[in-house]
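Visitor: Residue strings, one per chain:
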Amino acid sequence: MLDKNGIAKRIAQELKDGYYVNLGIGIPTLVANYIPEGMNVTLQSENGMLGMGPFPIEGDEDPDLINAGKQTITEVAGTAYFDSAMSFGMIRAGKVDLTILGAMEVSEDGDIANWKIPGKMVKGMGGAMDLVAAAKNIIVAMQHVNKAGESKLLPYCSLPLTGVGCVRKIVTELAVLEVVPGKGFVLLERAPGITVDEIRKATAGKLIVEGEIPEMKFD
Amino acid sequence: MNKVVSNAEEAIRDIHDGAVIMLGGFGLCGIPENSIAALVKKGTKNLTCISNNAGVDDFGIGLMLQTRQVKKMISSYVGENAEFERQLLSGELEVELIPQGTLATRCLASAYGMPAVFVRAGVGTEVAIGKETRTFDGIEYLLEHAFNADFSIVKAWKGDTHGNLIFRKTSRNFNPMMAMSGKISIAEVEELVPAGELEPDQIHVPGIYIHRIFKGSDYEKRIEQRTVRKR
Numbered sequence: 004m005l006d007k008n009g010i011a012k013r014i015a016q017e018l019k020d021g022y023y024v025n026l027g028i029g030i031p032t033l034v035a036n037y038i039p040e041g042m043n044v045t046l047q048s049e050n051g052m053l054g055m056g057p058f059p060i061e062g063d064e065d066p067d068l069i070n071a072g073k074q075t076i077t078e079v080a081g082t083a084y085f086d087s088a089m090s091f092g093m094i095r096a097g098k099v100d101l102t103i104l105g106a107m108e109v110s111e112d113g114d115i116a117n118w119k120i121p122g123k124m125v126k127g128m129g130g131a132m133d134l135v136a137a138a139k140n141i142i143v144a145m146q147h148v149n150k151a152g153e154s155k156l157l158p159y160c161s162l163p164l165t166g167v168g169c170v171r172k173i174v175t176e177l178a179v180l181e182v183v184p185g186k187g188f189v190l191l192e193r194a195p196g197i198t199v200d201e202i203r204k205a206t207a208g209k210l211i212v213e214g215e216i217p218e219m220k221f222d
Numbered sequence: 050m051n052k053v054v055s056n057a058e059e060a061i062r063d064i065h066d067g068a069v070i071m072l073g074g075f076g077l078c079g080i081p082e083n084s085i086a087a088l089v090k091k092g093t094k095n096l097t098c099i100s101n102n103a104g105v106d107d108f109g110i111g112l113m114l115q116t117r118q119v120k121k122m123i124s125s126y127v128g129e130n131a132e133f134e135r136q137l138l139s140g141e142l143e144v145e146l147i148p149q150g151t152l153a154t155r156c157l158a159s160a161y162g163m164p165a166v167f168v169r170a171g172v173g174t175e176v177a178i179g180k181e182t183r184t185f186d187g188i189e190y191l192l193e194h195a196f197n198a199d200f201s202i203v204k205a206w207k208g209d210t211h212g213n214l215i216f217r218k219t220s221r222n223f224n225p226m227m228a229m230s231g232k233i234s235i236a237e238v239e240e241l242v243p244a245g246e247l248e249p250d251q252i253h254v255p256g257i258y259i260h261r262i263f264k265g266s267d268y269e270k271r272i273e274q275r276t277v278r279k280r
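These protein sequence lines map, in sequence, to chains S and X.
In terms of the working numbering, the first sequence is residues 4 to 222.
In terms of the working numbering, the second sequence is residues 50 to 280.
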C-alpha cells in the first residue's frame, strides 16, 4: 500500500517534458517533489502564475507570492504573472496539458465530486469546476476508500458533482486505474504487495481486470 | 479631473447600505485592507460582496462578517473561515458559490462591456440549474452574465494620480478585472506617484477605469499559509 508520497511519486511518472501542469491541493501538491531530474515541467497556479517554485527559505516569505492553496512559494527562472481571468483563459483554452486533483468520489463514467457535502461541508469549488471542464487530461489522486471505510470509486457519485465524464485516470494507495466511460474502472497497475482481490473489495464501481495486472514500478 | 482622495474613509464615503461591491484579492493576498477597515468603521450594512474568498475569521472580509455587515457573498471558495461557514449553515448569510474561472470571467465581461459569456465550467452540476445553455460544436456551455457592481475596491502595488495601476506578483489575481468593473472603482495603493512616473508599458490597468485612488497605510499583508523550507 502506498503512502501519500508514494501516490505522488507514481503520478509523477505521467509527466512529460514540456508539460504545463496544474496541481490541486493535498496529494497533488506533492507531485512537484518528484518531477524527474532534467525534465522541463512548468507548474501553473490558477490565481495567476506560471513557473511556480518551491517553498521559500525561512525568512524569505513574500505575502504577495502565494499559490492556489494560499501557501507561500517562490519564482523560478521564466516565471510569469497574470490576472485570474487570463489564468482561467489558458485553462479553458486547453493550454494546460495535465491537471492533477483530489476527489471525494469518482464514478465509473468519470464523473467527479470534490467540493461539497450537503449540510456538512461547504467550502466551495474554487477552480476545480473550471479545471475539470477544460483540462485535456485529468488525473485524480486520492485514497481508494474514505475514512468510514467506504469506496470512493462508485457506480455513480452520491455527492454534488464537480464535473461530468472528465476523469481519465485515478491513482490511489492501492492501484492505477483508467476510467473508460461505458465500461468502468480498468485496472492498470497494483501497488506493491496489493492483490487484485484487495482492489476489487475496495472498489464499489465496476472494476475491469484484463489479463495479468502488473505491479507499479518505482526507480 | 481629481481622482486622488486622502484616505479610505473618503474613498468609501458614499458606499450605502445594500450596495453591491466587488473586493479584489485571493485569500488574504492583494486585499484592500484599508478600505475593508473603513467599511467596518462606517458600519455599512446589507452588503452584497463579490470576492473570490471571504477572508479568515479575524482578517479581510472576515472582519465584515463578524460585524454582520454582509447580506450576501458571491465567492468561489470560503473554506478558511469558520464564522462564514457557521453563518452559511445557519442560513444567516446568503451565499452564491460559483466556479473561480467563471467568477473571474464574469468580472472580465463587465470590464469589457460584454453582457454575458459562455463557459463549460459547471455543466451537469448544480451550478447549471436555471441557467440558459447552448451547444457549440457538440459541446454544451452555460450562459453566465456579467456582474453589475455599484462599487469595486481593489488593491494595487503602485498607482499614479490618473488612476493607472501596477500590481505585484500574485497579488494581481482578481484586482485588475474588478478594478475595471465597478460603476465606481476605488483603488488603494502602496505607492502613489504623479502621472508620468510609471512606465506606460508596464501599466496593468489604465486609469480610465478608476474613479478614486489613495495611498494606503499600515499594510499588514497577513500570510494565510506560511510554508518554508529550511535554510
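Certain hints may be false.
Partner residues aside, some chain S positions facing chain X, computed with beta carbon under 7 Å [unchecked claim]:
{"hint": "1", "residue": "Leu33"}
{"hint": "2", "residue": "Ala35"}
{"hint": "3", "residue": "Gly56"}
{"hint": "4", "residue": "Gly129"}
{"hint": "5", "residue": "Lys139"}
{"hint": "6", "residue": "Leu162"}
Anything over 10 Å on all C-beta distances counts as not near chain S; from chain X, calculated [said to hold, decoys possible]:
{"hint": "7", "residue": "Ala68"}
{"hint": "8", "residue": "Phe75"}
{"hint": "9", "residue": "Lys91"}
{"hint": "10", "residue": "Asp106"}
{"hint": "11", "residue": "Val127"}
{"hint": "12", "residue": "Glu129"}
{"hint": "13", "residue": "Glu175"}
{"hint": "14", "residue": "Lys180"}
{"hint": "15", "residue": "Glu246"}
{"hint": "16", "residue": "His253"}
{"hint": "17", "residue": "Val277"}
{"hint": "18", "residue": "Lys279"}
Calculated directly from the structure, the hints in this document are not laboratory data.
Backbone N, C-alpha and C fix where the C-beta goes; we use that ideal spot for every residue, glycine too.
Visitor: Failing hints, ascending?
Guide: Those not satisfied are hints 1, 2, 3, 5, 6, 8, 11, 12, 13, 16, 17 and 18.
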